[in-house]
Amino acid sequence: RADDRSSQGGTIVVTYQDDMATLDPAIGYDWQNWSMINSLFSRLVDYKFGTTEIVPSLADSWTISPDGLVYTFKLNPKAKFTNGRKVTAADIKYSIERSVNPKTQGPAGGFFHSIVGQDKMADGSATTISGIEAPDDSTLKFTLSQPDATFLNVLALNFASVVPKEVVEAEGADFGKKPVGSGAFKLEEWVPGQRLVFSRNVDYFRDRPNLDGFKVEIGQEPLVAILRLQKGEVDIAGDGIPPAKYLEIKNSPDAKDLIVDREQFETSYITINTTKKPLDDVRVRKAINMAVNKDRIVRIINGRATPANQVLPPLMPGYDKAYKGYAFDVEGAKKLMDEAGLKDGFSTTLYAMNTDPNPRIAQAIQQDLAAIGIKAEIKALAQPEVIAAGGNKDQAALTWSGGMGWIADFPDPSDFYGPILGCGGAIAGGWNWSWFCDKSFEDRATKADAMSKPEQKDERYKIWAQIFTDIQSQQAPWAPVFNERRVVAKSKRMGGSDAVYIDPTRVIDYEAIYTKK
Amino acid sequence: MKRALSEIARQPATCVAVLLIAAVVLAAIAAPWLAPFSPDAQPFDGLSLEGAPLPPGPKYWLGTDTLGRDLLSRLLYGARTSLVIGLVANGVAVLIGMTLGVVAGYVSGVVGNALMRFTDLMMAFPALLLAIVLAALLRPSLWIVALVIALVNWVQVARIIYTETRGLVERDYILAERSLGAGHMRILFRHIAPHLLPSAIVWGTLGVATTVLLEATLSFLGVGVQPPQPSWGNIIYESQSYFQAAPWLVFIPGAIILATALSFNLVGDALRDLLDPTQRGRG
Amino acid sequence: MTGPILAVRGLSVDARTPEGLRPVLEDVSFTLRSGETLCLAGESGSGKSLTALSVMRLLSLSLKPRSGSIRLAERELTTLSERAMRRVRGGEIAMIFQEPMTSLNPVLTVGAQIAEAIRTHDGADSRGARARALAMLEAVHITEPARRMGQYPHELSGGMRQRVMIAMALSCRPKVLIADEPTTALDVTVQAQILKLMRELRADLGAAILLITHDMGVVAEMADRVAVMKSGRVVEQGSTLDIFERPREAYTRQLLEAVPRLGAFAGTDSPPRVTSAPPTAPSRDPVLFVHDLTVTYGRAARGFGRGEVSAPAVKGVSFELRAGRTLGLVGESGSGKSTTGKAVLGLIPFTGEVVIDGVSIAGLSSAEMRPVRRKAQMIFQDPYASLDPRMSVGAAVAEPLTIHGVGPAAERRERVAMLLKRVHLSPDHASRYPHEFSGGQRQRICIARALALEPRVIVSDESVSALDVSVRGQVLELLLEVQEEMGLAFLVISHDMAVIERMSHDVAVMRGGEFVEYGTRRQVFENPTQEYTKALMRAVPVPIPRRGTSDLRPVLLRT
Amino acid sequence: MAALLGRRLIQAAAVLLGVAIITFLLLHYLPADPAALVAGRSANAQMIANVRHQLGLDLPLPLQFWRYLTGLVRGDLGRSYIQRSEVATLVMARIPATLVLMACGVFVEVALGLTFGVIAALRRNGIVDRIVMMFAFVGVSSPQFVVALLLLYVFAAHLGWFPMSGFGTPAHVVLPALTLGLLGAGWYARMVRSAMIDVLNQDYVRTARAKGLSRTRVVLRHALPNALLPIVAMIGIDIGQFMGGVVVVEAVYGWPGIGQLAWQAIQQADVPIIMGVTLVSSLAIVLANLLADLVAPLLDPRIRVR
Ligand SMILES: Nc1ncnc2c1ncn2[C@@H]1O[C@H](COP(=O)(O)OP(=O)(O)OP(=O)(O)O)[C@@H](O)[C@H]1O
Ligand SMILES: Nc1ncnc2c1ncn2[C@@H]1O[C@H](COP(=O)(O)OP(=O)(O)OP(=O)(O)O)[C@@H](O)[C@H]1O
Ligand SMILES: [Mg+2]
Ligand SMILES: [Mg+2]
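Residue numbers (my numbering), protein chains in the order written: chain A, 939 to 1455; chain B, 215 to 497; chain C, 50 to 608; chain D, 3 to 308.
FYI, nobody ran anything at the bench for these hints, they're computed from the structure.
Please note that a few of the clues may not be correct.
Stretches of chain B that chain D covers, calculated by requiring three or more beta carbons in the stretch to come under 8 angstroms of a beta carbon on chain D [stated by the list, open to error]:
(1) 275 to 283
(2) 416 to 424
(3) 472 to 480
According to the in silico footprint, chain B covers these stretches of chain D (three or more CB under 8 angstroms from chain B) [claimed, not checked]:
(4) 29 to 42
(5) 69 to 79
(6) 92 to 99
(7) 147 to 160
(8) 286 to 292
From a predicted model like this one, the values you see are computed outputs, not experimental measurements.
Glycine residues also receive a C-beta, built at the ideal position from the N, C-alpha and C atoms.
Hey, can you work out the whole structure from these sequences and the hints?
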């Protein structure tokens, strides 16, 4: 569009309801702070805006040893922290170790599992990770215990962001409130419960972001945020458009200027506790898969998603176009129930988060299950309680993942296996709420991840696709329901491709978005 | 009794109120027969193609909710829950409040004092928390929510009643009763409690609506009635943010709650005048 | 003298009742010249207060003037605009009310309340107003006027409060002062002072006084002319002398006879008998024996454990009371009469010895007290306050029977019927509620309730002082009657010497919580040893019109 | 006076301790595992255990409580699980906003309540009275969230008289305070009405009128102060009832107060914050009642301790 030319500068207003948790890259791990942390700090490698393609960042260049076990990075000399100090290899080593260090109480530890010595660091028996070496200020060398195709993706995670040791030690636990990084923006002001003000980092080592800065207003009720957005008081409503307002906006004349609606690496599903009678019977699990009327559920959320038939979202490499999953088939489901000897059904509980639209979806599921004789009592609770229930082997039988649906940390199918379908996640407090742990699949998974060479990429994806397809068709530990599209509401003056508002890995690319002339 | 009826008959407003209450109670009892649909049924045509709830129309008289369920049917069934909450829970709350208030006010000294401190504690205590924990520990049910509400709402009443009682015990006729050798129980229940009835009624009726709404908050937190069981409170609560897109989902139940509460209030006032012999033959 | 300052002509007022309008004032007419005192006399409910309120145009909404004219000098008040009327109120016509306790605003200082009146009418600035308020307080002979200015009503005694009311009323030098039972709620001694004060002030200010009272003694003492009211009408009107010496109406005569005359029973040891019942042989052993009784309030935790220990309200009181006899307890307000009465029935904690019919009640549990309660009963000052307004009269009378589980319901009903007859009420009153009775009837109900258990002792605390003369006589009769028939022992508490004289065999005079004088009626009344006793007796207004305005009796004891 | 104050202070402390204990117990049974939450989605058993140890959640309950108490004495409310910063600072940062909101809320409540209560009393059983009481009732029985949104749509979004959300200028506080006050105003109107009716029948009101005072003066100077006595005690109680409303109002109007913090903490099972907020609000309530007890004597000389 003609007017859609990037204008350097300008500051914008972004709103969220919840208070900002923390901006500490070793800890921050939610929707809200992910993109801000991303813009405050920099990492060895990064993604090209709006894509999943790895590009150099702190690292100018890198080499991978033939066996795929040693990664060596050359750092960009221009990189500086916002406190003026140069970024050195030691900083990066320190930062990653910090992420793994249990004292940090961060969620990141697991991601770096393939680095030699991560385990010792994680259980507190070592104070450094032997697999990370900084021979000189501008060279960094990682040694892996086994080849890992996703290692570069891991290094592109916020958890691998570089932080200045001296500041971290000075601030201690408050670093998350007074972050200092080497990213595109820096934090100017943080008024708890009210706003955070970010401004452009003038001596950013990569090309400057378009915006001079952005202001994040928190405690903003989504409905009100949309109202303000319509009045032009707000540029991005971070919590998206609440269901109550969606249709109104969508059908309004200037919808196309206001709404960014894009697919993401997301699947919303029902976990079926494979250890709980009678759900341990695969036929029952298949019956459940057939019973759920996904089209209607999608309609309930105003078509803001596409029905899902498998674990992986369509965007994800390894998505099996051939596999159609279980079609909606009440009769078939009933038959399976018969075979399982449950002609007159059984009663169970369905956990779900208590924020709209999840209770509604849960009720839709409840009705569908009732149709095949499964009486599901709904427990609509706050997120932590649902997570606790799911992470407790003998509590949650069925759990609707909506609102907490699995969103990939990086664009690789393996990310959909480990924590949520692998044995590693099937622990008290873990996220494998189906408690699905099958040795044969474990082995296939580790094998697949070992194929780290670039040329093996496509083959590897094929293997993963097979794994997920088999899991569903043989074991059906999940009933995938839909792949939710992310919807962001932005003011008319905001420019930039949809991709930078709904970035597959960063959520919002504060570096890339801009205001129109 | 006859007097009662004639009294009420003299005030048209009260008559309307009585009829309305009767209607609500009837609706609650006869819901299965009156409701055109099952309250939980989510017919496919209950939502527009875009998934929007349907406004009142020929098929769904009061429209449908955000799951495409018939609002009328849900309101009819919801009456059951909400009556229990608004009457039983609220009633129990007032009862507890009265008992504690009266006792605290009557037995001055250590016991009374202790009771008031306990009231203070309850007043300072975050009720929602209790609710959440109960929600998770117990199997949520209508009776839990009733319990919680009772536990939450008695405090104010106790406070008010307490001060009133303190005034009453100074009165001469209480002394007269004691000089006749009346026991404490007799004085408390035959000679003090009746005089507190007016305030009890006022607070009771004022409480109807508030408790019905409070129930919704609690269901949201997971205590008490869980979906799909309807209650007037959670019908509003579920869709309160839709009040622009689907006003009928908020304002129809809202109006019903209000009307019911108002009726109870009117009847309560009438009742108060009836039960007060000193009102007899006065203007 | 010139024409009347206040002239009321054919005043009629209706009360709005559910059944429609009910006349409460019918064609009331009278005139008032400046400098003169007109008394409105008549029994309770005869319309005295309504007349006064009509003049002030302060009738409550449930009352509606029908017809009549009220002229203040040349001005017609009934048609005056509300603003103009406001200038009249307090400015030209001021009013004093019956209840000094409740007629002053509890949260404002005395000074403020008086000054307010002055400012509203004379537009004085606050300093000026306060100065004049102070002057007024001096004028009403209140002790330490300067200090009173800053005090709150509850810190003053009844007498003081009434003085404040008067100061407030006269602060704007009104032409007319309406006093509605200004002394009824006060002690005799205080009453005497207030009446004297009003006489003085009338002399100084030359204001005309419309004095409302049902006490013919007061009338005789104050009035130049009298208007007698009965059920909303003025039945007789004339100079005080005429009314007293040549009453035309039977009702007027009845009023005059009802007035107890102190010394009427001089020379007798026991009150004249009213029944033909054989006199009970005075038994040796006392029904009530009290030794060294002392009561101190404020020990028990009151309210939130607050309560400072105060000086004893009753100190070392001893007396004994035998069957069929009456001990009269007299003394000024606050002297400890009621406290004594409550204590001997164990209604309040006390120290010392109290023996009722052989049982010492000191430190008995409420359970142990029960049997004793059957033997000793109490009749309270305010019959309305001492009846549960939400309980039918029948139930109230049956209450003691129910409490002590006497007989089956049916029998109780009979007993109640009998008791009601006993106190000259009809049994079918049982289903009515207290507010549906007159003061006298209510007191009868209380008596019936007290008699229900056929007690040996009855403590009667000011049982008749709330009733007006005509009724009072009947109730006293009733009490004597039941005493003679049932051989009861009475402890009669009153601040009215006449009542004491009429009722008692023995008399005790209380002051500051102690017996200052204790002896047979004859001793105490015919040759009192204490100056205080004499003062009490002198203070009783005598229903003999006084000629001239000079003050015959010295006024004692400043409040 | 001092003695009384002292005693009430001790009682207050006792109440707070009680609240602390109960809350702590309840939170212990809160069915959410902080350790797991903190450790995150991809944690293994080992890591969760580590975190649990770090947070001291593996200690026996009494010891945990003791630690908390000792911290409390030092004014240390612990650190938030989610936000990782000190609860004390988080709460403190929120208090001013909530205080402002509450103060204004109470003001609106009392102002409206008094005005309409008095009007109703003066016109008792008249049509005005009926209408006022009717509205009072509607106020009491309407869902606050909806009221809040309605006001916001009408006065902020459409008429644009007030800002839609935020905090700072007086204009910001109007709508939140109004929403918060409307509910309570109903209660007050009712109580003031009955209190006023009582007082208006008192002898001293008649006396005041007999003095020739104007009606307004009689009402404002003589009747109202007496009618206020019972109301003051109510305001004390009220603060407690306010908390619920505060949550809703703050959420809708983006008011940066305790309510939002509390609600979010509950939604995130952020135990230390819940604990802190509970204690602070309890403190507020206790203080409010204390204040009411201390103010009463100022209004009513009869209960002044001499
Ligand atoms: N507000 C009212 N509404 C209806 N009737 C009333 C009202 N006030 C007084 N009355 C009636 O008017 C009559 C006269 O009352 P009023 O107060 O004048 O008697 P009173 O002579 O002053 O008696 P007392 O000596 O007891 O003061 C009584 O029968 C009373 O019941
Ligand atoms: N409940 C109480 N608490 C504290 N002090 C009291 C109480 N009742 C009475 N008093 C005080 O005890 C003293 C005696 O009071 P009491 O009522 O016995 O006097 P009284 O002779 O009955 O006066 P009256 O003739 O007005 O009835 C008074 O000084 C009074 O202030
Ligand atoms: Mg009178
Ligand atoms: Mg007395």
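* Asked: the segment 29 to 42 of chain D covered by chain B? Criterion: 3 or more residues, Cβ-Cβ distance below 8 angstroms.
  -> holds (count 4)
* **Whether chain D covers the segment 275 to 283 of chain B (at least 3 residues having a Cβ closer than 8 angstroms to its Cβ atoms)** => violated (count 0)
* **Within 8 angstroms of chain B (C-beta), three or more residues of the segment 147 to 160 of chain D** => That given contact holds, which follows from 5 residues of the segment 147 to 160 of chain D lying within Cβ reach (below 8 angstroms) of chain B.
* Asked: Per the coverage rule (Cβ-Cβ under 8 angstroms, at least three residues), is the segment 472 to 480 of chain B covered by chain D?
  -> holds (count 4)
* Asked: For the segment 416 to 424 of chain B, does the count of residues with a C-beta closer than 8 angstroms to a C-beta of chain D reach 3?
  -> holds (count 5)
* How about the segment 92 to 99 of chain D: do at least three of its residues have a C-beta closer than 8 angstroms to a C-beta of chain B? -> violated (count 0)
* **8 angstroms C-beta test of the segment 69 to 79 of chain D against chain B, three or more residues** => Coverage by chain B is violated here, the residue count being 0 at a Cβ distance below 8 angstroms.
* Asked: Three or more residues of the segment 286 to 292 of chain D near chain B by CB distance under 8 angstroms?
  -> Three-residue rule met by the segment 286 to 292 of chain D, so holds; n is 3.
Going down the numbered hints, you'll see the structure goes against 1, 5, 6, while the others check out.
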